[in-house]
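Respectively, the protein sequence lines represent chains A and B. With this note's numbering applied, the first sequence covers 6 to 319. With this note's numbering applied, the second sequence covers 6 to 319.
Treat the hints as calculated values from the structure; they're not laboratory data. Ideal placement from N, C-alpha and C gives every residue a C-beta, glycine not left out. Certain hints may be false.
Unchecked claim - Residues from chain B shown here face chain A by an in silico Cβ test under 7 angstroms; the list is partial:
1. P142
2. P147
3. A150
4. E199
Stated by the list, open to error - Taking CB as the label site, the calculated pair distances span:
5. A:R275 - B:G48: 37 to 45 angstroms
6. B:E305 - A:P25: 55 to 63 angstroms
7. A:R286 - B:Q138: 32 to 40 angstroms
8. A:T140 - B:R303: 20 to 28 angstroms
9. B:Q273 - A:R281: 56 to 64 angstroms
10. A:P123 - B:Q138: 44 to 52 angstroms
11. A:N280 - B:Q273: 36 to 44 angstroms
12. A:D180 - B:N7: 50 to 58 angstroms
13. A:S34 - B:R303: 56 to 64 angstroms
14. A:R281 - B:G48: 28 to 36 angstroms
As the list claims (entries may be wrong) - Computed footprint of chain A on chain B, listed as stretches where at least three residues anywhere in the stretch have a Cβ under 8 angstroms from a Cβ of chain A:
15. 19-30
16. 200-209
There are 2 protein chains.
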Amino acid sequence: MNETRRALLEALEEGPISGPALADRLGISRAAVWKQVNALREGGFTIESTAEGYTVTDVPEYGAAAIEFGLAVPYTVEYHDAVDSTNTRGREVASEGRRNVAVVANEQTASRGRLERPWTAPKGGIWCSIVCQPTVPAAHVPLSALAAGVATVSACRAAGLEAHLKWPNDVLVGDSGARGGHKLAGILTEMEGEQDRVSWLIVGIGVNANVDTDELPEDATSLRAELGEDIDRRRFVQRLLESFDAMLEDPDSVLDRWREYSSTLGQQVRLEMPNRTIEGRALDVQFPGGLVVETDDRQEVVHAGDCEHLRAQR
Amino acid sequence: MNETRRALLEALEEGPISGPALADRLGISRAAVWKQVNALREGGFTIESTAEGYTVTDVPEYGAAAIEFGLAVPYTVEYHDAVDSTNTRGREVASEGRRNVAVVANEQTASRGRLERPWTAPKGGIWCSIVCQPTVPAAHVPLSALAAGVATVSACRAAGLEAHLKWPNDVLVGDSGARGGHKLAGILTEMEGEQDRVSWLIVGIGVNANVDTDELPEDATSLRAELGEDIDRRRFVQRLLESFDAMLEDPDSVLDRWREYSSTLGQQVRLEMPNRTIEGRALDVQFPGGLVVETDDRQEVVHAGDCEHLRAQR
Chain A
6 MNETRRALLE ALEEGPISGP ALADRLGISR AAVWKQVNAL REGGFTIEST AEGYTVTDVP
66 EYGAAAIEFG LAVPYTVEYH DAVDSTNTRG REVASEGRRN VAVVANEQTA SRGRLERPWT
126 APKGGIWCSI VCQPTVPAAH VPLSALAAGV ATVSACRAAG LEAHLKWPND VLVGDSGARG
186 GHKLAGILTE MEGEQDRVSW LIVGIGVNAN VDTDELPEDA TSLRAELGED IDRRRFVQRL
246 LESFDAMLED PDSVLDRWRE YSSTLGQQVR LEMPNRTIEG RALDVQFPGG LVVETDDRQE
306 VVHAGDCEHL RAQR
Chain B
6 MNETRRALLE ALEEGPISGP ALADRLGISR AAVWKQVNAL REGGFTIEST AEGYTVTDVP
66 EYGAAAIEFG LAVPYTVEYH DAVDSTNTRG REVASEGRRN VAVVANEQTA SRGRLERPWT
126 APKGGIWCSI VCQPTVPAAH VPLSALAAGV ATVSACRAAG LEAHLKWPND VLVGDSGARG
186 GHKLAGILTE MEGEQDRVSW LIVGIGVNAN VDTDELPEDA TSLRAELGED IDRRRFVQRL
246 LESFDAMLED PDSVLDRWRE YSSTLGQQVR LEMPNRTIEG RALDVQFPGG LVVETDDRQE
306 VVHAGDCEHL RAQR
């Protein structure tokens, strides 16, 4: 069913196509084509029947079919008006053996961030969990997490906002305060695997998009607040998926792009880890995703923790 | 039930103890103590009732209570005469929220190795999966896998056999042939987690212990074959758990011990990864578990793959 819809949308992207040609291409009856086309119309698509065939003239603002229409990478989108957590739903999808699925919701009712911390996910945001299985050893997964941060900043910049990355992958705007700016987006990566391979990887990306700041925590901001208008969430999610997928295909590109978008490198930082805290200068990020920090007496590589940008000591 | 048994065994380890004292210590009735003591007797323990109290004078060869008796670390042992795979059973244990459990079997009927490769696990071997949750970022898990290899070699050496480690954690004996020796034990590490923490880690350790080599693949050997006699599997598993747990507590010790036991460092090696193969000299192992290899034109760090020792080119 979803596969047929995806194939239909791909055929329609290319321009007008007749009912019989569609039936041929999808391997279904003309009656089934008609039914599918009507389902899209009920879903908000404007599809005109002209002499040359069916033509899409308008696409709904958001939703599974809207995101899939024109999407350049082979992801299936599962859309929810509301869901407890797209990552939790993503785990169900993963356990069913499905891969290359984006679980997208308009609202999350029991959203969670890193380390079970609460995460506010009101209506109008972009709450998207990508379920995939990169063919890399488990030790390379941090690079995929950085790629998700890069993809998010890239989509924000395409929408007109100069967001930046605080290690490992907080997406921030502005640079006031010790937290390095106001939080625009966050990423929660979950995985299962063995040393040689990943069974599934879920990259949950939460972006405060078309949301008022009074619905968000105090230190957060939104695309709406920063840009003064709503963004096209459909196009944003498409860019996110396309950009993330391109980096999975070309992992060598991730670190350079991360460095370009990062506001952490060169900064004096405090890193809080479960059993210790260090302070030092953030020198670089290194494969597969560790932050190289120079403290008073040594260099070390940190793999996870809370990073705070300290006031510059120049 | 298991907790009471564990507490009873701990009390008995310390020497003779009276029924009333046991009842006090375990917070159960004297009738319940008598029942538990009889259950141990039925399980093969010889427990004498003397004037000073209950005294353990003999312990069964193997089994949950036998391994727990005298075990210096707080692991619960779940023993099976036969199970499909101790790692598969370990995943069930993990999903029930239990941690610090060792699933031990006399035989695995559907045993699997790395990358779903078959693994022969006949009766008499040591098939043990440790279910735990180290408080480290997911990126540090490779170190726990190396620790499992070190613990296994350490237990083999305590049993009298000079085994060694081929990166990352194949346990081998002898050094004939390109494979670096005959395979004595293997380790399969599986995990689930997010970037900042591990939800569960299962370290499956398979040792060809009291097994004839004609039950094993051609390139494998067993402790029985190498030593000419059977080993004490109970003591072996105890040492394995104690040594592994000590390294989780003191991760800084792992790499030095790995280097000491390794036959890979200094060797010319071929590393087969999913999408490429490299050859070079194995220089070192570095935190959190990568092998540093010097090829003709560069140094690189490899995180997973099949390692083959090539014939020395000196």
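inquiry  = Range first: 55 to 63 angstroms. Now tell me if the beta carbons of B:E305 and A:P25 are that far apart.
reply    = Given range 55 to 63 angstroms: holds, Cβ gap about 56 angstroms.
inquiry  = Taking the Cβ atom of A:N280 and the Cβ atom of B:Q273, is their distance within the range 36 to 44 angstroms?
reply    = holds, 39 angstroms
ask   = Quick one, is the B:E199 hint okay against chain A at 7 angstroms, beta carbons?
value = Interface hint status for B:E199: holds (5 angstroms vs cutoff 7 angstroms).
request  = Mind checking the hinted window 20 to 28 angstroms against the Cβ distance between A:T140 and B:R303?
outcome  = holds, 23 angstroms
message = Against the range 44 to 52 angstroms, how does the distance between the Cβ atoms of A:P123 and B:Q138 compare: consistent or not?
response = At 22 angstroms between Cβs, range violated.
message = Is the coverage entry for the segment 200-209 of chain B by chain A consistent with the three-residue Cβ rule at 8 angstroms?
response = holds (count 3)
message = Taking beta carbons only, do three or more residues of the segment 19-30 of chain B come closer than 8 angstroms to chain A?
response = violated (count 0)
message = The hint names B:P142 as touching chain A; please verify it with the least Cβ-Cβ distance against 7 angstroms.
response = Holds - the Cβ of B:P142 comes within 7 angstroms of chain A, reaching about 3 angstroms at its closest.
task = Take the C-beta atom of B:Q273 and the C-beta atom of A:R281, compute their distance, and say whether it sits inside 56 to 64 angstroms.
result = violated, 39 angstroms
inquiry  = Given a hint of 32 to 40 angstroms, does the C-beta separation of A:R286 and B:Q138 actually sit inside it?
reply    = holds, 33 angstroms
request  = Hint says 28 to 36 angstroms; check whether the CB-CB distance for A:R281 and B:G48 agrees.
outcome  = 44 angstroms Cβ-Cβ, so the 28 to 36 angstroms window is violated.
inquiry  = Using the nearest Cβ pair, does B:A150 come within less than 7 angstroms of chain A?
reply    = For B:A150, the interface hint holds, since the closest Cβ of chain A sits about 6 angstroms away, which is under 7 angstroms.
Taken one by one, the earlier hints fail for this structure at numbers 5, 9, 10, 14 and 15, listed in ascending order.
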